[in-house]
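Here the protein sequences line up with chains A and B, keeping their order.
Just so we're aligned: 243 in our numbering is position 177 of the first sequence, and the numbers increase by one with no gaps anywhere.
Just so we're aligned: 158 in our numbering is position 92 of the second sequence, and the numbers increase by one with no gaps anywhere.
To be clear, the hints were calculated from the coordinates, so they are not data collected in a lab.
In this text, all values refer to a predicted model and were calculated from it rather than measured experimentally.
Incorrect hints may have been included.
What the hints assert, rightly or not - With a straight-line cut-off of 25 Å between C-alpha atoms, the simulated PhoX-like cross-links for lysine-lysine are:
#1 B/K183 - B/K270
#2 B/K95 - B/K300
#3 B/K139 - A/K183
#4 B/K183 - B/K300
#5 A/K95 - B/K183
#6 A/K242 - A/K252
#7 B/K300 - B/K242
#8 B/K95 - A/K183
#9 B/K183 - A/K139
#10 A/K242 - A/K183
#11 A/K242 - B/K242
#12 A/K270 - A/K300
#13 A/K252 - A/K300
#14 A/K219 - A/K242
#15 B/K252 - B/K270
#16 B/K300 - A/K300
#17 A/K288 - A/K219
#18 A/K300 - A/K95
Said to hold, decoys possible - Examples of chain A residues lying across from chain B (beta carbon under 8 Å, computed):
#19 A74
#20 Y75
#21 D117
#22 H121
#23 L123
#24 E150
#25 I152
#26 V153
#27 N186
#28 T188
#29 R190
#30 Y198
#31 S291
#32 K300
What the hints assert, rightly or not - Calculated from the model, a selection of chain B residues having no Cβ within reach of chain A, i.e. all distances over 10 Å:
#33 Q86
#34 E98
#35 P107
#36 F164
#37 F168
#38 S223
Backbone N, C-alpha and C fix where the C-beta goes; we use that ideal spot for every residue, glycine too.
Each chain, written out:
2 protein chains.
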Amino acid sequence: MRVKMVVAYDGTNYCGWQIQPNGVTIEQKLNEALTDLLQEPIKVTGASRTDAGVHSLGNVCIFDTNTRMPAEKISYALNTRLPEDIVVQDSCQVPESFHPRFSKSRKTYEYRILNQKFRNPTRRLDTHFYYYDLDVEAMQRAAAYLVGEHDFKSFASTGGQAETSIRTIYSLDVEKRDSIITIRVKGNGFLYNMVRIIAGTLIKVGAGEILPEEIPAILEAKDRSAAGPTAPAKGLTMIGLEYEENPAN
Amino acid sequence: MRVKMVVAYDGTNYCGWQIQPNGVTIEQKLNEALTDLLQEPIKVTGASRTDAGVHSLGNVCIFDTNTRMPAEKISYALNTRLPEDIVVQDSCQVPESFHPRFSKSRKTYEYRILNQKFRNPTRRLDTHFYYYDLDVEAMQRAAAYLVGEHDFKSFASTGGQAETSIRTIYSLDVEKRDSIITIRVKGNGFLYNMVRIIAGTLIKVGAGEILPEEIPAILEAKDRSAAGPTAPAKGLTMIGLEYEENPAN
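Extracted from the complex, chain A is given alone in its bound form (with noise of 0.2 Å):
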């Protein structure tokens, strides 16, 4: 059968989701813990491939297995053997024609900036600190341009593999609350790092650098050089995903 399962886990000391030769990845930490308990070899597929650094909170993966374990058994079962910042929220049986990647989802990341004066230590992890005041009004301003459909060439650090850059974001929300500004995009999907570029240009925006009306013309360059620089990894949370077309969504 196979099984999708929806992963939260603290990015902090994983050099991302996807396995690679040096250091330690969430993919192999899953794989190995599944191969472990199901006794066979496991390989996950993951929805989203998050950079080092990035957290989740839901994202989404799959593999197949022979196991007779039930599925909504095994997100018990396997985070008593993955360590306290991999935590296994749900798996449940889909059918064999579900990808986490290729079946249409709506996607949510949040970025979220610690705006004051000083670190705060208890949020060092999962916020961007930036000292000087935003303007949350005009990011809110800025915001409403990238929503719709539209080419985010300027929004995509080269090397992801996307064969067009054309995307749909639903929302793009600013939000201040207490100290921390939170920035909420749901879309279609996103270019390698696009998330982090628009909260990099926000932050421009935030601090007068970039004004909220040169958003239509920074999105019309289609140029990377265009826009504002890639925020830090850390600020970075994958929400979710919604499977338009999966029951077990």
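Model the placement of chain B on the given structure of chain A, informed by the hints.
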């Protein structure tokens, strides 16, 4: 001059505030960094001697120094000498009569409970995970009985040095946002482990094991065994102190 500092820290990797023979403490790290910075032996005196694993956003300490460095510059210079999980938020000169523990103040603490079916790895260090549904409304009704001046002997661990167990709680709010229940308490002082025992008791109320209406009898008993357990340290954060008569609040 006497300098007052506001200190934030992630308590995870420390054996609490107070210097002790075995293990690294916040007080020790501050003394070392200040002695190095000011080139004279410095000993800080803290307001709240938080236990191992307890966090702070606004603990207060003082020290006396002969330095000619302006008091308000010390925080910036000190932060470059401190590990990233201890951050001084503010430093200023105060009268020699000011004492962080004996000067009258209002102290605020928060206890955070992650109340959902699975652990959240990104909040594993500053929340206490509780699997079963908690009845927040019952917790709020129970909390109301604790507000005011009471003898909190039932809510104190042995080992404290207080002369009386009478304290005043100005407010005790319980609120749920997303999956996190926050117990926020403000008072004129707290007995040893008092906030964690209040949290442990309110969790029992939320779980239906203690009725809100039983709280007056628990207070009346003046017996530690009448209240609920001491909730784990990592859920507790010292939010801050407001001094009644000090100008450099």
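We went through each hint and held it up to the structure:
1. B/K183 - B/K270: Holds, at roughly 18 Å.
2. B/K95 - B/K300: Status holds; Cα separation ~20 Å.
3. B/K139 - A/K183: Roughly 13 Å separates the two Cα atoms, so the pair holds.
4. B/K183 - B/K300: holds, 19 Å
5. A/K95 - B/K183: OK: A/K95 and B/K183 at ~22 Å, within 25 Å.
6. A/K242 - A/K252: Answer holds: A/K242 to A/K252 is near 18 Å, not above 25 Å.
7. B/K300 - B/K242: Answer holds: B/K300 to B/K242 is near 18 Å, not above 25 Å.
8. B/K95 - A/K183: holds, 22 Å
9. B/K183 - A/K139: Holds. B/K183 to A/K139 sits at ~13 Å (cutoff 25 Å).
10. A/K242 - A/K183: Holds, at about 15 Å.
11. A/K242 - B/K242: Roughly 18 Å between the alpha carbons, so the hint for A/K242 and B/K242 holds.
12. A/K270 - A/K300: holds, 18 Å
13. A/K252 - A/K300: holds, 19 Å
14. A/K219 - A/K242: Given pair A/K219, A/K242 is violated - Cα atoms ~28 Å apart, limit 25 Å.
15. B/K252 - B/K270: Holds, because 21 Å separates the two Cα atoms, which is no more than 25 Å.
16. B/K300 - A/K300: holds, 22 Å
17. A/K288 - A/K219: holds, 5 Å
18. A/K300 - A/K95: holds, 20 Å
19. A74: Constraint on A/A74 satisfied, holds at 5 Å.
20. Y75: holds, 5 Å
21. D117: Not OK, violated: A/D117 not within 8 Å of chain B, min 16 Å.
22. H121: holds, 5 Å
23. L123: Cβ of A/L123 sits 7 Å from chain B, so the hint holds.
24. E150: Hint on A/E150: holds, closest Cβ of chain B at ~6 Å, below 8 Å.
25. I152: Holds, about 6 Å.
26. V153: holds, 5 Å
27. N186: holds, 6 Å
28. T188: OK, holds: A/T188 within 8 Å of chain B, min 5 Å.
29. R190: Holds. Min distance 6 Å.
30. Y198: Because about 15 Å separates A/Y198 from the closest Cβ in chain B, which is outside the 8 Å limit, the hint is violated.
31. S291: violated, 32 Å
32. K300: violated, 10 Å
33. Q86: Check passes; 21 Å lies beyond 10 Å.
34. E98: Nearest chain A Cβ is 17 Å from B/E98, so the label holds.
35. P107: holds, 26 Å
36. F164: Holds, because the least Cβ-Cβ distance between B/F164 and chain A comes to about 22 Å, which exceeds 10 Å.
37. F168: holds, 27 Å
38. S223: Given a closest Cβ separation of 24 Å, the condition holds.
Of the numbered hints stated above, those contradicted by the structure are hints 14, 21, 30, 31 and 32, listed in ascending order.
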